[in-house]
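When you get a sec, could you build the whole thing from the sequences and use the hints?
Each chain, written out:
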Amino acid sequence: MTTLRQLTRPWRPMSYGFLDSSAKRELRRKLLKAIAIPGCQIPYASREVPMARGWGTGGLQVTLTLLKPSSVVKVIDQGADEGVNAVSIRHFLAKVSGARETIDTCEATIIQSRHRVPEEVMRNDQILVLQVPEPEPLRPVEHHISAARQMHADADYARLWLILYEQMVRTGRIMQATEYPSLVNGRYVMSPSPIPRWDVPKLHMAHHLTLLSAGREKRLYAVPPFTRVEPLAFCDVPYRVEDHAHLTCSRSGLNGYFMNEVPQDDGGSLFELSDSGLCQKALRRAAGEDVPIGPTWYRNGVM
Amino acid sequence: MAYVAARGGERAIEQSQRLYRERLGTIDAARVDEIGRALPWLVDRIMGEASLYAPELAALALTQSGGDLYEAVLLLRAWRTTQPRLAVAEPLIQDKLFIHRRISAAFKDIPGGQILGPTLDYSHRILRTDILEGAAFDPEPVERSAEPAPPHQPSLASWQKAQGLVVDFAREDIPKDDIPDLTREPLLFPASRAHRLQSLARADTGGVMALGYAVMRGYGPAHPTVNELRLGEADVEIAHPRGTVFSAGRVRVSQAEVASKAAIENIDLGFCATLGWNEVKIIAGGTLDLNAQHATKGSPFEEEFFLSHTEPVEGSGFCLHFKLPHYVTFQSMLDAMRDARRKQAAKASKAVVKEPAE
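If you read the protein sequences in the order shown, they are chains A and B.
For the first sequence, our numbering gives the first residue as 95, with consecutive numbering after it.
For the second sequence, our numbering gives the first residue as 82, with consecutive numbering after it.
A hint or two may mislead.
[As the list claims (entries may be wrong)] Estimated spans, in silico, between C-beta atoms of each pair:
id : chain 1 : residue 1 : chain 2 : residue 2 : range
1  : A       : 356       : B       : 317       : 52 to 62 Å
2  : A       : 218       : B       : 428       : 42 to 52 Å
3  : A       : 349       : B       : 378       : 16 to 26 Å
4  : B       : 107       : A       : 360       : 47 to 57 Å
5  : A       : 358       : B       : 269       : 48 to 58 Å
6  : A       : 356       : B       : 91        : 18 to 28 Å
7  : A       : 233       : B       : 207       : 41 to 51 Å
8  : B       : 200       : A       : 97        : 38 to 48 Å
9  : B       : 273       : A       : 358       : 54 to 64 Å
[Unchecked claim] Short, incomplete list of chain B residues facing chain A, as computed with Cβ under 8 Å:
id : residue
10 : 155
11 : 162
12 : 214
13 : 217
14 : 218
15 : 265
16 : 267
17 : 395
18 : 405
19 : 408
20 : 409
21 : 421
22 : 424
23 : 425
24 : 428
25 : 429
Source of the hints: derived by calculation from the structure; they are not laboratory data.
Note that the Cβ used here is the ideal one computed from N, Cα and C, for glycine as well.
Have a look at this one:
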């Protein structure tokens with residue numbers, strides 16, 4: 095017979111890693127399913143967390159499920175560790191899990207990111223968690239979730255190709271800037287989250303596991319290691335990343351990486367590395383510190 | 082030196098919260114208690130949207146957020162989600178509700194009678210400025226009725242079913258633990274009946290009203306008549322592991338049944354219920370429920386549309402998230418736009434050359 099003691103537990107102000115065990119169990123099952131079907135959106139309950147929806151709650155739930163006390167966690171927003179929301183999330187993760195915080199890509203075991211993949215190559219012992227505002231790549235052509243699910247089931251992506259073609263005809267190029275629709279493992283088209291086109295090739299045949307999670311839309315999906323990620327492109331119009339290969343960072347002097355444009359009073363612009371962790375390391379190295387910088391996906395602006 | 086920027090973010094966060102809280106001053110149990118007693122209708126609205134019946138915690142959330150309703154709902158939901166689900170209560174039976182207010186617009190009088198209960202519906206909305214000048218506004222005591230209304234009332238729909246006016250659907254006997262729970266499963270479409278009603282129960286009052294009102298104004302096919310509206314208290318009946326069913330306490334609930342005016346063979350009913358007393362929400366929600374089956378694909382009165390867009394925590398959070406930096410996406414867009422402009426300019430200059438001279 096079930097007793098009251100079995101139904102309850104001693105009072106604690108908060109579970110380890112904030113989420114209670116039923117939420118974590120559900121997430122782990124859904125994560126395994128997502129890894130088993132690369133690029134396929136898996137619905138999950140998506141519990142409320144102490145942060146507003148749209149502010150990284152999907153990424154947060156996945157990271158909270160994966161964290162352990164020995165984890166080393168890095169959180170970036172737009173490539174920057176010092177963004178206020180990144181700082182807020184990183185502190186929360188460390189507080190509820192006991193994990194160590196870092197801004198060094200090479201040192202981290204889990205990297206939660208909004209809108210960027212770090213420039214340094216990630217290893218097979220690292221996990222990238224991308225925050226996703228809109229998981230459905232078909233949303234621009236099909237508003238209904240129910241209909242879009244059917245289209246995914248049928249691998250019916252004709253209308254996505256069509257809008258890319260229309261952009262070509264109208265403007266002479268594909269205008270899709272970020273969240274570039276990409277075919278995963280030759281089967282499901284996914285939105286790689288609003289990372290720039292610069293970052294999408296980093297997911298292709300990567301050594302690391304990428305988990306993408308949309309808390310508000312309650313969907314998660316995955317790109318397992320060594321999985322093909324191919325941006326939709328025409329055979330005569332190759333996929334094209336941002337024209338940043340020739341830009342130089344005004345702070346660190348590094349060039350050939352994705353840059354932020356900083357408008358200047360004189361009407362011109364300066365550029366600085368979007369990957370602030372890499373920028374910091376380059377600055378410290380320039381100041382004479384012995385800071386190791388990992389190999390980067392792009393070298394001299396070429397992948 | 083290298084970490085200064087990261088610490089700067091931390092300090093900015095801390096100080097911004099201090100600035101916000103400076104305006105609220107000291108928050109103590111006395112203030113929470115006063116807010117709970119002074120604003121019972123707001124507390125009810127928040128409990129409904131948070132899907133957590135806890136008046137004291139709702140008053141605390143309201144106090145802590147300084148009255149920002151979406152913030153208060155998020156506080157409660159984030160607390161709620163960490164709590165274990167110990168038991169599933171017995172279903173509420175209409176006849177067992179303790180009724181405070183019960184009205185029907187469909188008939189002049191109904192079995193069990195119309196009970197006006199607590200309402201300001203027929204009050205004159207005059208601002209009592211004399212209170213600001215020192216006058217106290219002590220409500221006059223309620224005079225007891227010579228014939229008190231019975232505490233329990235049959236539902237009007239049961240009379241209508243007996244008359245054959247409303248289809249009496251066969252009751253599905255689903256084990257309590259198998260009832261889908263929206264707080265533990267994602268909402269998928271088409272949604273189960275349980276998910277639709279749960280979703281409406283915790284929907285944003287303002288959002289449900291806006292869409293429900295649009296239906297009422299003629300954008301939806303079915304116009305509502307309030308078949309029955311109830312404000313009551315329900316016993317939360319729990320089965321003890323030994324099998325005894327006991328009441329763990331009472332919660333305020335609202336229910337509305339909305340009938341279609343366009344009945345041909347049978348009267349269609351829409352239904353909405355929520356925790357706490359919140360009449361606007363259940364009338365609008367019932368109207369949306371009533372219209373959903375006739376809604377054309379893509380219209381705002383389709384279930385997928387109104388359930389997706391009246392979720393208070395998701396909607397408010399997403400609106401606010403646009404304050405977050407988006408400079409990477411913006412940079413990427415600029416790159417494509419500048420290149421397209423170069424291409425257009427090149428094309429235009431070529432076109433000029435090709436033009437035959439006059």
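Okay, the hints, checked on the actual structure:
1. A:356 to B:317: 52 to 62 Å: 58 Å, holds
2. A:218 to B:428: 42 to 52 Å: Given about 47 Å between the Cβ atoms, the range holds.
3. A:349 to B:378: 16 to 26 Å: 52 Å, violated
4. B:107 to A:360: 47 to 57 Å: 50 Å, holds
5. A:358 to B:269: 48 to 58 Å: 50 Å, holds
6. A:356 to B:91: 18 to 28 Å: 23 Å, holds
7. A:233 to B:207: 41 to 51 Å: The hinted range 41 to 51 Å holds for residue 233 of chain A and residue 207 of chain B, with Cβ atoms some 49 Å apart.
8. B:200 to A:97: 38 to 48 Å: Holds: the Cβ-Cβ distance is about 46 Å, inside 38 to 48 Å.
9. B:273 to A:358: 54 to 64 Å: The hint (54 to 64 Å, Cβ to Cβ) holds, given that residue 273 of chain B and residue 358 of chain A are roughly 57 Å apart.
10. 155: 6 Å, holds
11. 162: 4 Å, holds
12. 214: 41 Å, violated
13. 217: Given a least distance of 41 Å, the restraint on residue 217 of chain B is violated.
14. 218: It is violated, given that the least Cβ distance between residue 218 of chain B and chain A is near 38 Å, above 8 Å.
15. 265: Hint on residue 265 of chain B: holds, closest Cβ of chain A at ~5 Å, below 8 Å.
16. 267: 4 Å, holds
17. 395: Constraint on residue 395 of chain B satisfied, holds at 5 Å.
18. 405: 6 Å, holds
19. 408: 6 Å, holds
20. 409: Since the shortest Cβ distance to chain A is 4 Å, the answer is holds.
21. 421: Hint holds; residue 421 of chain B Cβ to chain A Cβ min 4 Å, cut 8 Å.
22. 424: 4 Å, holds
23. 425: 7 Å, holds
24. 428: At 7 Å from the nearest chain A Cβ, residue 428 of chain B passes the 8 Å test, so the hint holds.
25. 429: 11 Å, violated
This entry does not satisfy hints 3, 12, 13, 14 and 25, going by the numbered hints stated previously.
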